[in-house]
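S.K.: Generate coordinates for the entire structure from the input sequences, incorporating the hints supplied.
Top to bottom, those sequences are chains A and B.
Take the first sequence: its position 169, counting from 1, is numbered 221 in this note's numbering, and each next residue is one higher.
Take the second sequence: its position 48, counting from 1, is numbered 100 in this note's numbering, and each next residue is one higher.
Worth flagging that the hints you see were computed from the coordinates, not collected in a lab.
Among the clues, some could well be false.
[Stated by the list, open to error] Label-pair distances were calculated between CB atoms; the ranges are: (1) 92/B / 163/A: 21 to 31 Å; (2) 81/B / 105/A: 39 to 49 Å; (3) 116/A / 240/B: 34 to 44 Å; (4) 109/A / 237/B: 32 to 42 Å; (5) 112/B / 163/A: 41 to 51 Å; (6) 237/B / 162/A: 14 to 24 Å; (7) 188/B / 71/A: 15 to 25 Å.
[As the list claims (entries may be wrong)] Covered by chain A, according to a simulated footprint, are these stretches of chain B (three or more residues, beta-carbon under 8 Å): (8) 66-79; (9) 82-90; (10) 94-100; (11) 141-148; (12) 170-183; (13) 195-201; (14) 227-241.
Yeah, the Cβ is synthetic: ideal placement off N, Cα and C, and Gly gets one too.
2 protein chains.
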Amino acid sequence: MSTTAETIRNGVDTAQLYGTLDAIKADPDLARFRFRARNRWMGGAHNQTTIRDFYAAKQEDTSRAEEFVLDAGEPAILLGTDTGPNPAEYLLHALAACLTTSLVYVAAARGVRLTEVESTLEGDMDVQGALGLSDEPRNGFEGIHATFRVKGDAPPEKLREVVERARQRSAVYDMVANGVPVTLEVETP
Amino acid sequence: MSTTAETIRNGVDTAQLYGTLDAIKADPDLARFRFRARNRWMGGAHNQTTIRDFYAAKQEDTSRAEEFVLDAGEPAILLGTDTGPNPAEYLLHALAACLTTSLVYVAAARGVRLTEVESTLEGDMDVQGALGLSDEPRNGFEGIHATFRVKGDAPPEKLREVVERARQRSAVYDMVANGVPVTLEVETP
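M.R.: Okay, structure coming up:
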């Protein structure tokens, strides 16, 4: 077996992972990131976000070959034409994706080889809030329930421990569970 | 001008909008929605979500002709291969999309015709948290800054008022700003 094969676990280069951690320990300023999204209204419930550049490790990161384009929309019952998932569904996706990536990285770091990770996330919402009909139900989900199915070369107890550690370190879980200060600036002609 | 042309404002059918509001006022149970996302790990930082079915107005909604597929990933500096935006960027997109749709709907309801809505969202993160190197910086964004550029047939003051009302009613803004209870269930073999 080559050294390279040894360092790749769950598709993550653990040598690079440890190298990144060491570099940040030596210079914590490398850990400062700024992510961005640019959105444009396309008409009705359709709007589109482009994502590409971000700031990381003391400079603008220009490594992405092209921008990502995301379309949002609403289903017919919410007055849209299904031009994309709706914003609340995108939030569920962001949470699922972050928990999964955290899980995969934590497992890689701890020597656990995963064979399968699947999740289903559900969010319950009373749309009277968002539609402005009532102040009693909140606008967003009252709660989100996530179910993860995880398989790998470790006993169930170890797999659960890795999921729990992933939850404790997930960026989006932290934001969704605890909230983030948001400032909103408006420019008009 | 036809009646239909009169009822469409900002691409939103205001007759349908008012009809929906009246129907929910008459039977608030119609407002109970459940959205879902199903995610599968594809290897490394790549995972994929499918979104289609949801519950609304007392039944499973089967109106969507096909499922939406979303790929998440990480850039090279975060050990991925750019298979998609990363989860934190998806959260920015969810927030931008929801504020924009709320704005468009509120404007439609209030008789304001919009001609342009663009936004830029930025989130600052110290990745020492998510990488497990420190407990001091949180895992997620320390803060999110959103800038909206809005044009329409109303004076600046009115446009700002509509943005403020949209913020007050946005589902994703509520969740990101205030947090949501999340339960996490793990199934292992």
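S.K.: Which of the numbered hints above does this structure break?
M.R.: none
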